[in-house]
Amino acid sequence: MSQPTAPSRDRAAAAPSRERERERIGTQALAVSVRGLKRRYGSRVVIDSLDLDIQKGEFVALLGESGCGKTTLLRALAGLDQPDAGTIRAPERPSVVFQEPRLLPWAPLWENVALGHERTIGRDGAARALAEVGLAGREDDWPRKLSGGQAQRVALARALVPDPALLLLDEPFAALDALTRIKMHGLVKELVALHQPGVLIVTHDVDEALTLADRIIVMRAGRIAASFRPKDHAGTLRSILLEELGVQSH
Amino acid sequence: MTHDVSRRMADLTSIRNSYVAAQPSRVGVSQATLYIWLSWIIPAVVVLLWETAARVGFIAPQVLPAPSSVLETAVNLARNGDLFVHLGVSLLRAAGGFVIGGTLGLALGVIVGFSPLAQALLDRSVQMVRAVPFLAMLPLVIVWFGVGEVAKIFLVALAVLFPIYINTMLGIRQIDPKLMELGCVVGLERAAIVRRIILPGAMPSILTGVRYALAHAWLALVIAETLATTKGIGFLAMDAREFLNTNVIILTMIIYAIIGVVADALVRLLEGRFLSWHANYTKGARK
Chain P
18 MSQPTAPSRD
28 RAAAAPSRER
38 ERERIGTQAL
48 AVSVRGLKRR
58 YGSRVVIDSL
68 DLDIQKGEFV
78 ALLGESGCGK
88 TTLLRALAGL
98 DQPDAGTIRA
108 PERPSVVFQE
118 PRLLPWAPLW
128 ENVALGHERT
138 IGRDGAARAL
148 AEVGLAGRED
158 DWPRKLSGGQ
168 AQRVALARAL
178 VPDPALLLLD
188 EPFAALDALT
198 RIKMHGLVKE
208 LVALHQPGVL
218 IVTHDVDEAL
228 TLADRIIVMR
238 AGRIAASFRP
248 KDHAGTLRSI
258 LLEELGVQSH
Chain W
899 MTHDVSRRMA
909 DLTSIRNSYV
919 AAQPSRVGVS
929 QATLYIWLSW
939 IIPAVVVLLW
949 ETAARVGFIA
959 PQVLPAPSSV
969 LETAVNLARN
979 GDLFVHLGVS
989 LLRAAGGFVI
999 GGTLGLALGV
1009 IVGFSPLAQA
1019 LLDRSVQMVR
1029 AVPFLAMLPL
1039 VIVWFGVGEV
1049 AKIFLVALAV
1059 LFPIYINTML
1069 GIRQIDPKLM
1079 ELGCVVGLER
1089 AAIVRRIILP
1099 GAMPSILTGV
1109 RYALAHAWLA
1119 LVIAETLATT
1129 KGIGFLAMDA
1139 REFLNTNVII
1149 LTMIIYAIIG
1159 VVADALVRLL
1169 EGRFLSWHAN
1179 YTKGARK
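Respectively, the protein sequence lines represent chains P and W. Under the working numbering, the first residue of the first sequence carries the number 18, and numbering increases by one thereafter. Under the working numbering, the first residue of the second sequence carries the number 899, and numbering increases by one thereafter.
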């Protein structure tokens, strides 16, 4: 999807009234770059002058209490939400995994994985992607035959098929049981190491953030309140993060 | 959800409920097969009793002729070809009305389902016309079109239009907006979203509409064919009434029933083709 072409301003041109522009990022090391992002619903400011950079191959976890604007930020990066001001330099089409798998129940698994990329990857490419997430040979099954964890793995395969420069994960494991979640963490780490997209995962789960991320940012009142690198804080970061989120830990 | 509920109400007997489905017994013949045979016992016994009662003169032949005698009438009418001419005419009327009403209903349903503007403009008016039972329009239809073919086809089309319209519109409305959003995320064009997400998602509802429409079309046809007519199954029945020919009357009832069953089987075939992904429509288990 992300050829090394000159920056295009298609999306900005589509919404000329907004101060925002969305540029395609080529082969540079940055997967996404956000400057001065603002979003309000009515009089309530959800995102306020937010800056954020994510490198390619970097795994960033976004923590925050409910309603702090983290999902809005992810949706803005995905192009699903129009910010009121600011610049987003992002790949034209980042991949998204939502909290629900969002599989088309009427399409066999391979068609779900290839959705939107049938011409470029075809059935074989979809089968390979399914094999990557441990569902080899299940191309022709219907989604209803899958468990929650399996369905979310298909969603992951679908997100990785276009080889995205930016992968956005919106609480993708929140609905899974604890054991399945642990397995999914391992799988996601493996696949991200393999495909090297920049990753932003929105989560409530401090331990999930600690397990997965190279960098953890905490959002509060529409801004990034704190940013940590787990490798700089051996063992102590969990309680620091919980404190940031307003939980007293001992 | 409304169409789901109505579907279940209309169709309690045909949905295979996996919680009640019979388990294969250890004897070899599965319990399901056994129950299928059991379900034929009562109809068979009734026909036998009926035949016996008619044969021994317990029921007068003008009231209820023996099944064998009805069968004989059927064979005679089939031999001289009359039966097929009348059947053909009736089927043609039903098909013509169904195609016209169905196309209109589908088109309206798609437009109103997609566009809030179209809904604002059209839905109330369509619902107002729908509130009139289509059989109550019969006198008006006769005034407009006389008692010829046009009136008959119009009546069938009218009967078909509303169930297909309603169910198509509901089906499109009930598509999960999250799936539409997914379509945008993976970069589907508008046309592809319609083809890959909206139409398949609306298909269970549309086919429910088709099934209702077939039932309504049939009812409309029976009524339409009692109007002055010289061809068609309804004519056979009216003609037989004049001559107190109960055999033919019973035969026409049975033919209407058979065609109804065949039509239903056709819809099921469509469901099997288009809805095999749906747990409620799967034949057996596609493991």
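Note that these hints are calculated values from the structure, not bench results. All C-beta atoms, glycine included, are put in the ideal place defined by N, C-alpha and C. Do not rely on the hints blindly, as some may be mistaken.
Said to hold, decoys possible - Only pairs whose alpha carbons sit at most 27 Å apart, straight line, appear in this in silico BS3-like list of lysine-lysine: (1) P:K200 with W:K1076; (2) P:K200 with P:K73; (3) P:K55 with W:K1076.
Said to hold, decoys possible - Chain W is nowhere near these chain P residues, computed Cβ spacing over 10 Å in every case: (4) R61; (5) D65; (6) S66; (7) D101; (8) R106; (9) S112; (10) V113; (11) R119; (12) L121; (13) L132; (14) H134; (15) G165; (16) D194; (17) I199; (18) F245.
Query raised in the report: For P:D65, which was marked as not at the interface, is the minimum beta-carbon distance to chain W over 10 Å?
Result: 25 Å, holds
Query - chain W versus P:D194 - minimum CB to CB distance exceeding 10 Å, so not interface - result: 22 Å, holds
Query raised in the report: Can we trust that P:R119 is non-interface, i.e. its beta-carbon lies farther than 10 Å from all of chain W?
Result: Not fine: 5 Å to the nearest Cβ puts P:R119 too close to chain W.
Query raised in the report: When you look at the beta carbon of P:R106, is every beta carbon of chain W farther off than 10 Å?
Result: Given that every Cβ of chain W is farther than 10 Å from that of P:R106, nearest at about 19 Å, it holds.
Requested in this report: May I ask you to check that P:L132 keeps its beta-carbon over 10 Å from the closest beta-carbon of chain W?
Outcome: P:L132 is in fact no farther than 10 Å from some Cβ atom of chain W, at 5 Å.
Requested in this report: Measuring Cβ to Cβ, find out whether P:S112 lies farther than 10 Å from everything in chain W.
Outcome: 8 Å, violated
Query raised in the report: When you look at the beta carbon of P:D101, is every beta carbon of chain W farther off than 10 Å?
Result: 20 Å, holds
Requested in this report: Verify the proposed pairing of P:K200 with P:K73, using a straight-line Cα cut of 27 Å.
Outcome: This hinted pair holds, its Cα atoms lying about 24 Å apart.
Report task. Run the C-beta distances from P:L121 to all of chain W and say if the shortest one exceeds 10 Å. Result -> Non-interface label on P:L121 violated, nearest chain W Cβ at 6 Å vs cutoff 10 Å.
Query raised in the report: Is the straight-line distance between the alpha-carbon of P:K200 and that of W:K1076 27 Å or less?
Result: At roughly 26 Å apart (the allowed maximum being 27 Å), W:K1076 and P:K200 satisfy the hint.
Query - Nearest-CB test (10 Å) between chain W and P:V113 - result: 5 Å, violated
**Report entry** 10 Å cut-off, C-beta based - P:S66 kept clear of every residue in chain W
**Finding:** It holds; P:S66 is separated from chain W by about 26 Å at its closest Cβ, greater than 10 Å.
Hints 9, 10, 11, 12, 13 and 14 from the earlier list are contradicted by this structure; the remaining hints agree with it.
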